[in-house]
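Novice: What follows is each chain in one-letter form.
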Amino acid sequence: MDFSQSIKFFFANLSANKVRFFLTMLGMIIGVGSVIAIMAIGSGAQSLIFNEITSFGTNLISIIPGGGEEDMMPASMMGRVITTLTYEDAKAVGKIPHIMAVTPYASGNANIFFGDKIKNANFLGVTSQYPNVENNKVISGRFILPEEDESTAKIVVLGSEIKKKLFGEDDPLGKRIKINQTNFLVVGVMEKKGASLAANRDKEVFIPVKTAQKVMLGINYVGLIRAKIDDEENAPLVINEVKKLLQCRHNIKDPKKIDFTVRSMNQALDMIGTVTDALNLFLGAIAAISLIVGGIGIMNIMLVSVTERTREIGLRKAIGAKKRNILIQFLMESVVITFIGGLIGIFGGSIFAVLIAAIAGYLGYDWNLVISPFSIIISFTIAVIIGLVFGIYPANKAANLNAIEALRYE
Amino acid sequence: MSIPLISLKNITKDYKTGEVTTNVLKGISFEINDGEFVAVMGASGSGKSTLMYILGFLDTPTSGKYYFEGCDTSKLDDDRLAEFRSEKVGFIFQAYNLLQRTSVLDNVLLPATYLHKCNLKKAKDNAIKLLKRVGLGYRLNHRPNQLSGGEQQRVAIVRALINNPRLVLADEPTGNLDSHSGEEIMEILQNLNEEGRTVVMVTHEEYTAECARRILHIKDGMIFKDSIINHRRLAANGEFRK
Chain W
1 MDFSQSIKFF FANLSANKVR FFLTMLGMII GVGSVIAIMA IGSGAQSLIF NEITSFGTNL
61 ISIIPGGGEE DMMPASMMGR VITTLTYEDA KAVGKIPHIM AVTPYASGNA NIFFGDKIKN
121 ANFLGVTSQY PNVENNKVIS GRFILPEEDE STAKIVVLGS EIKKKLFGED DPLGKRIKIN
181 QTNFLVVGVM EKKGASLAAN RDKEVFIPVK TAQKVMLGIN YVGLIRAKID DEENAPLVIN
241 EVKKLLQCRH NIKDPKKIDF TVRSMNQALD MIGTVTDALN LFLGAIAAIS LIVGGIGIMN
301 IMLVSVTERT REIGLRKAIG AKKRNILIQF LMESVVITFI GGLIGIFGGS IFAVLIAAIA
361 GYLGYDWNLV ISPFSIIISF TIAVIIGLVF GIYPANKAAN LNAIEALRYE
Chain C
1001 MSIPLISLKN ITKDYKTGEV TTNVLKGISF EINDGEFVAV MGASGSGKST LMYILGFLDT
1061 PTSGKYYFEG CDTSKLDDDR LAEFRSEKVG FIFQAYNLLQ RTSVLDNVLL PATYLHKCNL
1121 KKAKDNAIKL LKRVGLGYRL NHRPNQLSGG EQQRVAIVRA LINNPRLVLA DEPTGNLDSH
1181 SGEEIMEILQ NLNEEGRTVV MVTHEEYTAE CARRILHIKD GMIFKDSIIN HRRLAANGEF
1241 RK
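If you read the sequences in order, they're chains W and C. In this text, residue positions in the first sequence follow our numbering: the first is 1, and each later residue adds one. In this text, residue positions in the second sequence follow our numbering: the first is 1001, and each later residue adds one.
Next up, chain W with everything else stripped away, as it sits in the complex (with noise of 0.2 Å):
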């Protein structure tokens, strides 16, 4: 058959049916503009985390209070409080071979006053290596003095969204802020950091760690500790050591019952790869089941096509159509449907990730707008293969009609 007069009729056809053509095809709009909504979205979150390790360093090992298996979630997130770490516990891991920073955390929740300004806000409490450990420094003033990291002085460093809640463009330096009922002293504030999925340091104030536990929450224990390694490729060895020095500084004699966990960074960022990755897949499987309803509805609106074009069939078939004629035109129309509702669903998912993206920046965040190739010549394969396959039914029917019985069809 002349393709251009084919053309000619599929265009004819849609334009007396535009609405209806236009509602079928708005299942495979939506079935491939959400599949690559989806994919962006799970891409960006995937590089969010990844961002996070680069800025973090990969050289990073928690350990956490609370023992049991290595790839179970730890004790502290189920609401249990442990209380053997301690700071000389941190201090004992500082001397091991390959660490260059380390400190403990002891943290807790506190209103912040200033003036007649209030925060609510966390505070950590932690020792003069934490800007070495988590790659975060101070702009102005300075940070936790080594020979502070024992006392229990009452000095601050802020966030610099505390600072500017709390000081706005003023020069916080050298002013007095209340932490719950402690006065504290401004020493410093912390550069701009940006929100990560663990936390937004930008919103916390830090003091040192024996205010932390002595002053502010009455506790002789640490919540956290992390090291920072020379070198990614001494991980393995330094958790050993590390497991090995606290197995014996907490008297414990059967490894299996240890009360600490130590991860390496990588292990963390590895084990929220692979649920964000089932997650990803588990969207994207929903989506594809709407690429599907939306395949259903082109069959059923293919097979009301091709009872109203009865007489239209017979009519080919009298003039010479073949069966494979009528096969192929009834395809193509199911399969230039999803065609062009992949086309339309490619733009719209793209804007929505564009916008999802714009939204995260908004917020703090460091997402990065990734639509992959992959995903649109993906997506769109699909939505062609689906007008394939749910228009052969209704192309078949039509192209088996007996040609004398569909001229007499009213």
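Simulated from the structure, these hints should not be mistaken for lab results. Please note that the accuracy of each hint is not assured.
Keeping only pairs whose Cα atoms sit at most 25 Å apart, straight-line, the calculated DSS-like set for lysine-lysine is [to be verified]:
| hint | chain 1 | residue 1 | chain 2 | residue 2 |
| --- | --- | --- | --- | --- |
| 1 | C | K1009 | C | K1219 |
| 2 | W | K178 | W | K91 |
| 3 | W | K119 | W | K178 |
| 4 | W | K323 | C | K1075 |
| 5 | W | K91 | W | K154 |
| 6 | C | K1009 | C | K1065 |
| 7 | C | K1122 | W | K8 |
| 8 | C | K1016 | W | K397 |
| 9 | C | K1117 | W | K8 |
| 10 | W | K192 | W | K154 |
| 11 | C | K1121 | W | K8 |
| 12 | W | K323 | C | K1088 |
| 13 | W | K8 | C | K1129 |
| 14 | C | K1117 | W | K323 |
| 15 | W | K8 | C | K1132 |
| 16 | W | K164 | W | K154 |
| 17 | W | K257 | W | K244 |
| 18 | C | K1124 | W | K8 |
| 19 | W | K323 | C | K1016 |
Note that the structure is a prediction, hence the values are computed from the model and not measured.
Fit chain C to the known structure of chain W by using the hints.
Specialist: Frame of chain W; chain C shown alone:
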């Protein structure tokens, strides 16, 4: 001696609907030569439409032989039959059967697009020429719903002629038309026949059949009379001429 265009030998046709078998054609034999104008006349249910479908390769006989241009068509498969319909036969239907959403020109070109070797440019030129001949040269881009019944049937006639078929088959061509338009159509068919076109027309009206040169009378699936018309009625002026 030239072989006849059409040669039917003992054609029967049975239809099976569920458990019931109906014998529609019960042994039909005749020959039609090039250039004849034959009317197949019979009452409703006589089998005349079925006979026409078999002649036009839309259906195959249950038994018997159908020779077209000397070739045995009973062995042909679906695709070959479709090719025959495309190249050898032109159909004209009682209800015109034009595609509503397409122009007159594209309607006429439709059979050309199904040709094995489709030459659209040549077909288009031919179409325009033929449409002008039937007086529709200025209606090329109109839709069927903008035309009268008689005009639509004229478009259908041009469509039937576009591939230069050996045989023109008309199924009650004037059935949906008033007498004036009907006569116009019969005039065109007679002119085509005068030029050498073989025309086979199915009708139940004596008045229409009189325009042909030969009448095959069919009843209960059998030909009971095959009469030559010595003086046929000219649709153009109503006169009776040889």
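Novice: It remains to establish, for every hint, whether it holds in the given structure.
Specialist: These are the hints, each one checked on the structure:
1. C:K1009 with C:K1219: Holds: K1009 (chain C) and K1219 (chain C) sit about 17 Å apart, inside 25 Å.
2. W:K178 with W:K91: Judged against 25 Å, a Cα distance of about 29 Å means the pair is violated.
3. W:K119 with W:K178: 10 Å, holds
4. W:K323 with C:K1075: Within the cut-off at roughly 18 Å; holds.
5. W:K91 with W:K154: 21 Å, holds
6. C:K1009 with C:K1065: Distance ~5 Å between K1009 (chain C) and K1065 (chain C) Cα, so the pair holds.
7. C:K1122 with W:K8: 18 Å, holds
8. C:K1016 with W:K397: Holds, at about 21 Å.
9. C:K1117 with W:K8: 19 Å, holds
10. W:K192 with W:K154: Holds, at about 23 Å.
11. C:K1121 with W:K8: 16 Å, holds
12. W:K323 with C:K1088: With Cα atoms ~18 Å apart, K323 (chain W) and K1088 (chain C) stay inside 25 Å; holds.
13. W:K8 with C:K1129: 22 Å, holds
14. C:K1117 with W:K323: 17 Å, holds
15. W:K8 with C:K1132: 23 Å, holds
16. W:K164 with W:K154: 21 Å, holds
17. W:K257 with W:K244: 13 Å, holds
18. C:K1124 with W:K8: 15 Å, holds
19. W:K323 with C:K1016: This hinted pair holds, its Cα atoms lying about 23 Å apart.
Of the numbered hints listed earlier, the single one contradicted by the structure is hint 2.
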